[in-house]
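Student: Since the structure of chain A is already known, use the hints to place chain B on it.
Protein chains in written order, with my numbering: chain A, 60 to 242; chain B, 35 to 335.
It should be emphasised that the hints constitute simulated quantities derived from the structure, not laboratory data. Ideal Cβ placement from N, Cα and C applies to all residues, glycine included. Some hints here could point you the wrong way.
Covered stretches of chain A (in silico footprint by chain B; criterion: 3 or more residues with CB under 8 Å from a CB of chain B, positions within the stretch not fixed) [what the hints assert, rightly or not]:
# : stretch
1 : 79-85
2 : 107-119
3 : 129-135
4 : 181-191
5 : 219-229
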Amino acid sequence: MTDSLTDHDLVAGVLPETELFSRVYQSLAPAVLGYVGARGVEDPEALMQDVFLSVLPRIGEITGGVAGLRTFVFSVAHARVVDHYRRVERRPRSVDYDPLLDMRAVPSAEAEALVRTGQTDAHLLIGSLKPEQRDVLMLRIVGELSVDDVASVLGKTPGAVKQLQRRGLKVLREMVSEGVMAQ
Amino acid sequence: MSREPIRDSVADLLADSGLADDGVLAHALESLRALCPPEAPEPSGALADLLRYGSEAVGAAAPSRAAHRAAEAAAGNLSPRVAPAVPLPPRKLHRGAAISAAVIAGVGLSASGVAALGGVDYSANPPQAEVRSSAAAPAEADASVPGQASKSPDATVHQAQAFAAAASGGSVAHEQPAAPSRGASDNALAGDGAAASSHAVAPSAAVWRSERSGAARAAAAAADDALAGIGRDDAAVTASQGAPRHRADSAPSRGRHVAQEAAAVAQALVAAGAEPIKEAVALGQQVRTVAPSLAGLGSRH
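Here chain A stands alone, though its shape is the one from the complex (with noise of 0.2 Å):
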């Protein structure tokens, strides 16, 4: 993910600004993508995008190197995120009728199965958490973030984070046990 990206290409003036923008963009954005994914946002791409336009051109702004650039990055994500559902909930969306999306109908079994098997075991896994535990485990896994690193992009100590992903692992291993995995 980072493996192109060091401390050193950080520092200004070492890279040209299109290509340290190109580079942060390549390392940073498929974990990125997977987060903002992972937590069910319609257009993940287009909140990527819109992050990493408010993240690069404040680069020569952060410090800490590849793990704070890294903070910074997905706490401005996290962010995002949260806005998105937060107006989401404010403005309820109204559409066009589309038989094709209408809940009430009830699915037939062949249809059942074919969802099913679009659905990864990742997605089943995450699913299966409450958000806080999703974010915890999403971060410290895809983002690579320390535990003081998570605490700090989500604003909770790091006892509450340890806390957070101890039941997190608890509730994946219940289902690994139950064979979810199995599908």
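Tutor: For chain B alone, coordinates are given in the frame of chain A:
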């Protein structure tokens, strides 16, 4: 995108939670990498311009207001805390200590004020009673023997008795020069401005002597009654209370002081031989009537 970092992060996560040996759970967590695309998607729109032209294209590729706010908040939260370059003035540094001292002083003054208002009654203190007696009758004290105001109430009463005995012709053995002769009385009268006028309209000697002796006897009797009432007050208080109390003995003490003051006034009037001897008689009668009620009041308390 390399897969090694995810494996490392999974191993760290499991090690933190004490599940490093759980291979099944590690496999499940590694499957989360499927959520991340292998390559970054191609940028589009404003982001593509930014990556192509750098920050020069920021004017045309501004982020959304929400993203700008989020970046501002993140930058504020993640920036290192720097001590203020300009130190606070001393009055702001010690504002808490000053407020604490003011509060403590206020509480102390309030407590002492309450204690002063509702505490021990020191009106029964004999020295203060003397001062009050002398202050209550300054004219009478000036008219009588100089320095008499500093005498004790009992001595004053005894002096009044001696004056009464002298006026009635009896002899009272006392240390005080309380048995003045006719000449001494005349001298005392001569020393008074009012007495000068009484000489001008002087009654007959027998009438004057009998009136004066009667008034003196009345004053002495009033003083004796006051002393008897004081004795009853003290006895009642002592009998009703095992230990002396501060507030309960205020009424007998007050009665005692009234009686002492009345006796002092009567003595002064007798010593001066002034005209309003009848007033002294009346005052003595009032003392006689008031003393039992004060004694009863003291016994109730």
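Student: Next, verify each hint and record whether it holds.
Tutor: Do the hints match the structure? See the list:
1. Three residues within the 8 Å Cβ limit are the bar, and the stretch 79-85 of chain A against chain B gives 4, so the coverage statement holds.
2. Three residues within the 8 Å Cβ limit are the bar, and the stretch 107-119 of chain A against chain B gives 11, so the coverage statement holds.
3. Interface restraint, the stretch 129-135 of chain A with chain B: holds (4 residues with C-beta to C-beta distance below 8 Å; minimum three).
4. Under the rule that three or more residues need a Cβ within less than 8 Å of chain B, the assignment of the stretch 181-191 of chain A holds, with 4 such residues.
5. Closer than 8 Å: that is the beta-carbon criterion, and the stretch 219-229 of chain A has 4 residues meeting it against chain B, so the requirement of 3 holds.
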